[in-house]
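Modelling step: build the complete structure from the supplied sequences, incorporating the hints.
Next come the chains, spelled out residue by residue.
There are 4 protein chains.
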Amino acid sequence: MEHRVSYKVYYEDTDCLGVVYYANYLRFMERGRSEFLGAHGRSVAEWNSQGVLLVVHALTMKFRKAAVLGDMLDVVSTFTLDSVFRGTFHQRLERAGELVVDAEVQIVCLDPDLQLIRFPEDLRALAAAGHPQG
Amino acid sequence: MEHRVSYKVYYEDTDCLGVVYYANYLRFMERGRSEFLGAHGRSVAEWNSQGVLLVVHALTMKFRKAAVLGDMLDVVSTFTLDSVFRGTFHQRLERAGELVVDAEVQIVCLDPDLQLIRFPEDLRALAAAGHPQG
Amino acid sequence: MEHRVSYKVYYEDTDCLGVVYYANYLRFMERGRSEFLGAHGRSVAEWNSQGVLLVVHALTMKFRKAAVLGDMLDVVSTFTLDSVFRGTFHQRLERAGELVVDAEVQIVCLDPDLQLIRFPEDLRALAAAGHPQG
Amino acid sequence: MEHRVSYKVYYEDTDCLGVVYYANYLRFMERGRSEFLGAHGRSVAEWNSQGVLLVVHALTMKFRKAAVLGDMLDVVSTFTLDSVFRGTFHQRLERAGELVVDAEVQIVCLDPDLQLIRFPEDLRALAAAGHPQG
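Chains as they are written, first to last, in the numbering used here: chain W, 1 to 134; chain S, 135 to 268; chain V, 269 to 402; chain X, 403 to 536.
These are computed hints drawn from the structure, not numbers from a lab. None of these values were measured; they are calculated from a predicted model. Any given hint might turn out to be false.
[To be verified] If we take Cβ atoms under 10 Å as the criterion, some of the chain V residues that face chain X in the derived model are:
{"no.": "1", "residue": "Y278"}
{"no.": "2", "residue": "N292"}
{"no.": "3", "residue": "L294"}
{"no.": "4", "residue": "R299"}
{"no.": "5", "residue": "G306"}
{"no.": "6", "residue": "S311"}
{"no.": "7", "residue": "V312"}
{"no.": "8", "residue": "A313"}
{"no.": "9", "residue": "E314"}
{"no.": "10", "residue": "N316"}
{"no.": "11", "residue": "G319"}
{"no.": "12", "residue": "D342"}
{"no.": "13", "residue": "V344"}
{"no.": "14", "residue": "T346"}
{"no.": "15", "residue": "D350"}
{"no.": "16", "residue": "V352"}
[Stated by the list, open to error] PhoX-like cross-link-like pairs, simulated, lysine-lysine; straight-line CA separation at most 25 Å:
{"no.": "17", "chain 1": "S", "residue 1": "K199", "chain 2": "V", "residue 2": "K330"}
{"no.": "18", "chain 1": "W", "residue 1": "K65", "chain 2": "X", "residue 2": "K464"}
{"no.": "19", "chain 1": "W", "residue 1": "K62", "chain 2": "X", "residue 2": "K467"}
{"no.": "20", "chain 1": "X", "residue 1": "K464", "chain 2": "V", "residue 2": "K330"}
{"no.": "21", "chain 1": "W", "residue 1": "K8", "chain 2": "S", "residue 2": "K142"}
{"no.": "22", "chain 1": "V", "residue 1": "K333", "chain 2": "S", "residue 2": "K196"}
{"no.": "23", "chain 1": "X", "residue 1": "K464", "chain 2": "X", "residue 2": "K410"}
{"no.": "24", "chain 1": "V", "residue 1": "K276", "chain 2": "V", "residue 2": "K333"}
{"no.": "25", "chain 1": "X", "residue 1": "K464", "chain 2": "W", "residue 2": "K62"}
{"no.": "26", "chain 1": "V", "residue 1": "K330", "chain 2": "S", "residue 2": "K196"}
Heads up, the beta-carbon is just placed ideally off N, CA and C, and yes, glycines get one too.
Quick look at the structure:
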């Protein structure tokens, strides 16, 4: 089951080539992950206050199309658990159904001392939420 | 008549003092102006393609409260025309009715050669839209 | 005595109108204030770790020229003390001696509980450093 | 032969977890590529005005350490040519010799109509500049 949330492209997102600046697509991705989490129990602020920091460990991105000022971008996200220590958000940005950017974003959980910890049970359940057949 | 639109605070907006980075409040303000325009006839992209660039000439801001991760901020905007060459957006960011930041943002219109031009009739009408008694 | 430091304009700073995005000039201003502080005793990170947060309370800006990709911008800063509770950075961005943006940035000091405190002695001395005749 | 350029971490780069926001490391990478190009014949602005847009097609990143406010980050870059249509920047961010983030950034050249074109001769030479034994 995919999570979807939409955002408009504003001036802040673009650069002088007339399109969205490449790093800014990752801001859209992060908003999508935040909303995905919030829709499944706890906001990121709540996870942080519980001492669980969700941190990006690695990522890959492919830039298929260029988004421009005024575009509506859908952030489409699913989540899978690779191990008890690592999960992956599979994300793409779509404009009216057309693929713009896709990314695989590996996540780990750290405690407030930035030490690696296991995914809490509720976060492991996100993998099931993301993939009901998974 | 005030224009209102709401945005959530994400990680991208914050800095290591734990609050929204001061310059980023202006991104919220600009989103509010873009939606205000779009709600009254033409999007900023459409104005640009018509050869009318709306550009910030001067601004003042006061920082009243600090917004944090997960806050919902309402951008509240009205518009007045100071002369045929200059308008002002009166804007504030509210969190559940509490004033966070307010700003006065002076706007001018430029042609594609970046020469000052008069506000088009439709943009002058925004002042009336913004202030029905105006 | 003015403090000067220079930064190049990169893609990240620009928007699809082909010039620097208005809010991003404030990033250059903040870099200038950080370097000004660092050149006079303590870095902002050191002030933070001492429990003194320097926070922007209000600002005014005027946009005179538009900077573009590849421009070198000089951030020129002086500092005056308005009271024991408030100081002002007088800042401008110059491109080869030409004024691009100028700003007055009012600063207050907060403790880690975000309560207003007096400027520490060393920061008051910055006003003298900024204006030896002051 | 590696290209190196250094940048300080400012507030604008950080987020409320107290470290550099993940997408912002890509701004450092882009500055490094811009300086690499500028050091080898033409700035990105000059390439753009010649009708050659260097655009990121795909990338991978690994986040090894977290950078914080005040850190000096060295952007270390080399360039290889994968084909006449695609090159790769091999980049890493170092803090006093310690690896912080590394990335492989695939680049293509587009003409002003955003059509794929061959790498110009001068850009192919960058691969040799990047790897004199290559």
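If you check each hint against the structure, which ones fail?
Hints 11, 12, 13, 14, 15, 16, 20 are the ones this structure does not satisfy, whereas the remaining hints hold.
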